[in-house]
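So the sequences go chain by chain: V and X. Just so you know, we're using the numbering used here here: the first sequence kicks off at 1 and counts up by one. Just so you know, we're using the numbering used here here: the second sequence kicks off at 1 and counts up by one.
Each hint should be verified, as a subset may be incorrect.
Per label pair, the in silico range of CB-to-CB distance [claimed, not checked]:
| # | chain 1 | residue 1 | chain 2 | residue 2 | range |
| --- | --- | --- | --- | --- | --- |
| 1 | X | R2 | V | R188 | 43 to 49 Å |
| 2 | V | A251 | X | G30 | 43 to 49 Å |
| 3 | V | P108 | X | H241 | 54 to 60 Å |
| 4 | V | P187 | X | P187 | 42 to 48 Å |
Sample of chain V residues facing chain X (criterion: CB under 10 Å; computed from the structure) [claimed, not checked]:
| # | residue |
| --- | --- |
| 5 | V102 |
| 6 | L106 |
| 7 | A112 |
| 8 | R117 |
| 9 | P145 |
| 10 | D162 |
| 11 | L166 |
| 12 | P210 |
| 13 | L215 |
| 14 | V225 |
| 15 | A255 |
By construction, these hints were calculated from the structure, which means they are not laboratory data. Cβ atoms here follow ideal geometry from the backbone N, Cα and C, with glycine treated the same way.
2 protein chains.
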Amino acid sequence: MRTEGLAINLATVRKQWGLRAAVEACARHGIRAVDPWRDQVEATGVGEAARILRDNGMRVTGLCRGGMFPAADADGRAAAIDDNRRAIDHAAELKADCLVLVVGGLAPGSRAIDGARAMVAEGLAAIVPHARACKVPLAIEPLHPMYAADRACVNTLAHALDLCDLLGDGVGVAIDCYHVWWDPDLPRQIERAGATGRILAHHICDWLVPTRDLLNDRGMMGDGVIDFRAFRAMIEAAGYHGPQEVEIFSADWWARPGDEVLSTCIERYNAVC
Amino acid sequence: MRTEGLAINLATVRKQWGLRAAVEACARHGIRAVDPWRDQVEATGVGEAARILRDNGMRVTGLCRGGMFPAADADGRAAAIDDNRRAIDHAAELKADCLVLVVGGLAPGSRAIDGARAMVAEGLAAIVPHARACKVPLAIEPLHPMYAADRACVNTLAHALDLCDLLGDGVGVAIDCYHVWWDPDLPRQIERAGATGRILAHHICDWLVPTRDLLNDRGMMGDGVIDFRAFRAMIEAAGYHGPQEVEIFSADWWARPGDEVLSTCIERYNAVC
Numbered sequence: 001m002r003t004e005g006l007a008i009n010l011a012t013v014r015k016q017w018g019l020r021a022a023v024e025a026c027a028r029h030g031i032r033a034v035d036p037w038r039d040q041v042e043a044t045g046v047g048e049a050a051r052i053l054r055d056n057g058m059r060v061t062g063l064c065r066g067g068m069f070p071a072a073d074a075d076g077r078a079a080a081i082d083d084n085r086r087a088i089d090h091a092a093e094l095k096a097d098c099l100v101l102v103v104g105g106l107a108p109g110s111r112a113i114d115g116a117r118a119m120v121a122e123g124l125a126a127i128v129p130h131a132r133a134c135k136v137p138l139a140i141e142p143l144h145p146m147y148a149a150d151r152a153c154v155n156t157l158a159h160a161l162d163l164c165d166l167l168g169d170g171v172g173v174a175i176d177c178y179h180v181w182w183d184p185d186l187p188r189q190i191e192r193a194g195a196t197g198r199i200l201a202h203h204i205c206d207w208l209v210p211t212r213d214l215l216n217d218r219g220m221m222g223d224g225v226i227d228f229r230a231f232r233a234m235i236e237a238a239g240y241h242g243p244q245e246v247e248i249f250s251a252d253w254w255a256r257p258g259d260e261v262l263s264t265c266i267e268r269y270n271a272v273c
Numbered sequence: 001m002r003t004e005g006l007a008i009n010l011a012t013v014r015k016q017w018g019l020r021a022a023v024e025a026c027a028r029h030g031i032r033a034v035d036p037w038r039d040q041v042e043a044t045g046v047g048e049a050a051r052i053l054r055d056n057g058m059r060v061t062g063l064c065r066g067g068m069f070p071a072a073d074a075d076g077r078a079a080a081i082d083d084n085r086r087a088i089d090h091a092a093e094l095k096a097d098c099l100v101l102v103v104g105g106l107a108p109g110s111r112a113i114d115g116a117r118a119m120v121a122e123g124l125a126a127i128v129p130h131a132r133a134c135k136v137p138l139a140i141e142p143l144h145p146m147y148a149a150d151r152a153c154v155n156t157l158a159h160a161l162d163l164c165d166l167l168g169d170g171v172g173v174a175i176d177c178y179h180v181w182w183d184p185d186l187p188r189q190i191e192r193a194g195a196t197g198r199i200l201a202h203h204i205c206d207w208l209v210p211t212r213d214l215l216n217d218r219g220m221m222g223d224g225v226i227d228f229r230a231f232r233a234m235i236e237a238a239g240y241h242g243p244q245e246v247e248i249f250s251a252d253w254w255a256r257p258g259d260e261v262l263s264t265c266i267e268r269y270n271a272v273c
């Protein structure tokens, strides 16, 4: 079965495998692109992680994740910016296509979503020069509105692209079907993202009905309600032909053997994506 | 404590009380406005429900709910339209300020959200003449995007107002903080709703962090992250000064004595709304 154009976000198998085992398993299944998470990279050591990825011939479609800018005070915001600069350094060392940014939700104890959004814009502006210097594109990932309070206060592609417009070169978006499939403005915003060269990543993951948990009940493609082929057609019409990256947070799939998860990703990628 | 301008959606105490007991309890707490659900009204009988509401001096801020237009086939869609016409009749008999519409999600087995949205627009157009004839305003309630698949494929105030623009007179929106608080376009759309006279209801309910269940873990005002005073200021600046209606789906609050729930609604209405 076709594996070209398929990438695996290593969160999908994070309970089964550490970075080395996950990368070797992907290679064994004929998958040539992965997106590791920082905790996985740091547990392995960034130099060693880079070597494992290179030795296995892996394209690194991204590093997950930077962001989380809002904080209760100036010291917290400065620490977040420092942390993002380190993430950019690691993304450069891994030769990642981009650093994926989950921008953060409300500051602790705050009800001011406008304030959080302002902190995000400031945090992004603060890290863009370093990202440009390191040649690491920053991919803002709009998250589903159900994460607005605690994970990301950028919840639509329109909002993410407005930020890109403000920030200029070196910034784009990671478009995850799971987060944006519901948006009535999606076709127009995908077109806009493509026209301005902002699409840096395309993640796939299905919306289950019912969804039993806000964070960890995401679905394998085909098990939910998203029309992946129609979605991908919009992405390609907008000029993006990069990998489709499977990123599934799921207590269900984390409980299965990693090889079964990868085989299923490949099957479904062929069947419905 | 002030109860003027406070309404109770009877879903908030649906596990504790039927319609009569809930209405009498509200009256006992000095609350003068309620919004019953159709199953409650039908269990009591619509004539008897109207009498109970009138005898207790209750304003009826709405009837919940019509909608649910998408269906697998033409017969199903026609049945939904018939059902909505009956809901309009009942809303008229109860002298409700509006019929609240939860428009429905994807048709069973379908992944076509555009198709669902078209069915919603068609269904609405089919019932508007009867609603006008009965002088029952239709209040389209945009639901949080996490309900797009299974409850309502109208998920932003902008989308609801676009439908109002298409449909003309006799149609407006029910704005529930819980569903729209996250929307970066909210201030502009509330202003638009007010300028076109479309605000028919204002519901209040808090977003909890963490939210443990997609449907039944909504919060009492003050227990979550929504800034109700800032929200209400936008609503009033847009020209709406009608009741704030507490609608909380919560396994937690449903497990407490109804009088405690109503007392808490009154306290929080005074403290944070």
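Hints versus structure:
1. R2/X / R188/V: 43 to 49 Å: holds, 45 Å
2. A251/V / G30/X: 43 to 49 Å: holds, 46 Å
3. P108/V / H241/X: 54 to 60 Å: violated, 34 Å
4. P187/V / P187/X: 42 to 48 Å: The hint (42 to 48 Å, Cβ to Cβ) is violated, given that P187/V and P187/X are roughly 25 Å apart.
5. V102: violated, 15 Å
6. L106: Since chain X brings a Cβ to about 6 Å from L106/V, closer than 10 Å, the hint holds.
7. A112: holds, 7 Å
8. R117: Holds: closest Cβ of chain X sits about 7 Å from R117/V, inside 10 Å.
9. P145: holds, 4 Å
10. D162: holds, 8 Å
11. L166: Since the shortest Cβ distance to chain X is 13 Å, the answer is violated.
12. P210: Where the cut-off is 10 Å and the nearest Cβ of chain X is about 7 Å from P210/V, the hint holds.
13. L215: Constraint on L215/V satisfied, holds at 8 Å.
14. V225: Nearest chain X Cβ about 5 Å off; hint holds.
15. A255: violated, 20 Å
Hints 3, 4, 5, 11 and 15 from the earlier list are contradicted by this structure; the remaining hints agree with it.
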